[in-house]
Amino acid sequence: SQQGEEDPQALSIQEGENATMNCSYKTSINNLQWYRQNSGRGLVHLILIRSNEREKHSGRLRVTLDTSKKSSSLLITASRAADTASYFCVLIQGAQKLVFGQGTRLTINP
Amino acid sequence: DGGITQSPKYLFRKEGQNVTLSCEQNLNHDAMYWYRQDPGQGLRLIYYSQIVNDFQKGDIAEGYSVSREKKESFPLTVTSAQKNPTAFYLCASSKTGGIGGELFFGEGSRLTVL
Chain A
1 SQQGEEDPQA LSIQEGENAT MNCSYKTSIN NLQWYRQNSG RGLVHLILIR SNEREKHSGR
61 LRVTLDTSKK SSSLLITASR AADTASYFCV LIQGAQKLVF GQGTRLTINP
Chain B
111 DGGITQSPKY LFRKEGQNVT LSCEQNLNHD AMYWYRQDPG QGLRLIYYSQ IVNDFQKGDI
171 AEGYSVSREK KESFPLTVTS AQKNPTAFYL CASSKTGGIG GELFFGEGSR LTVL
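As they're listed, the protein sequences go chains A and B. With our numbering, the residue at position 102 of the first sequence is 102, and numbering never jumps. Offset between the second sequence (1-based) and our numbering: plus 110.
The set of hints was computed from the structure by calculation and includes no laboratory data. All values derive from a computational prediction rather than experimental measurement.
Computed beta-carbon distance windows for the label pairs:
(1) A/LYS56 <-> B/LYS119: 29 to 35 angstroms
(2) B/THR189 <-> A/ASN38: 27 to 33 angstroms
(3) B/THR196 <-> A/ARG41: 16 to 22 angstroms
(4) B/GLY173 <-> A/PRO110: 42 to 48 angstroms
(5) A/GLU15 <-> B/GLY112: 32 to 38 angstroms
In silico DSBU-like cross-links for lysine-lysine, where the CA-CA straight-line distance does not exceed 35 angstroms:
(6) B/LYS167 <-> A/LYS69
(7) B/LYS193 <-> B/LYS181
(8) B/LYS193 <-> A/LYS26
(9) A/LYS69 <-> B/LYS205
Think of the CB as a built atom: it goes at the ideal place given N, C-alpha and C, for glycine as much as any other residue.
Construct the complete structure from the given sequences, taking the supplied hints into account.
As structure tokens, then:
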């Protein structure tokens, strides 16, 4: 099964700056989800965007989806130290099939 | 509070031993999943279950077994046939097994083979 490819693999920014992570894929999808994982912990669902949606907001998070380019981006505005984590895009391909990418490791420096 | 509980958090095993990882949820979710995560990697699906007494293999089921005798419980057994079992194991559940279901994760179990 084909997974999303996150870019960059690692990102380090200063607190207060915005962080942008991208996810590209090759096959058609039903929708796409973003999850966060703190080191050594379980994953937490952040946001779901459906294939017929272009943009979605949740607090400081903004997700976009461009099905023509087969890509999605996650923007975290006004980053905080607590945002330090790995972020995964998850493709939804048919029922049951959630495919995880390798993630972007985000580090927020104080 | 509702959630998913995995145990143990850390587990050490000698080669050739089977071990069972526990996963319990009180969210009344129908679907449950087991994933494996290796360092710096994403998650790979081992097994999933959409309903009691039914489960399907994921992408890397070889060397693993599961059961789903109760809605709340989905234990994973790592058998001696799994050639490289050292990994972080994550259990998840979703309300239904349908498309786009949000996954709720446990805190994981870290298995180390000595």
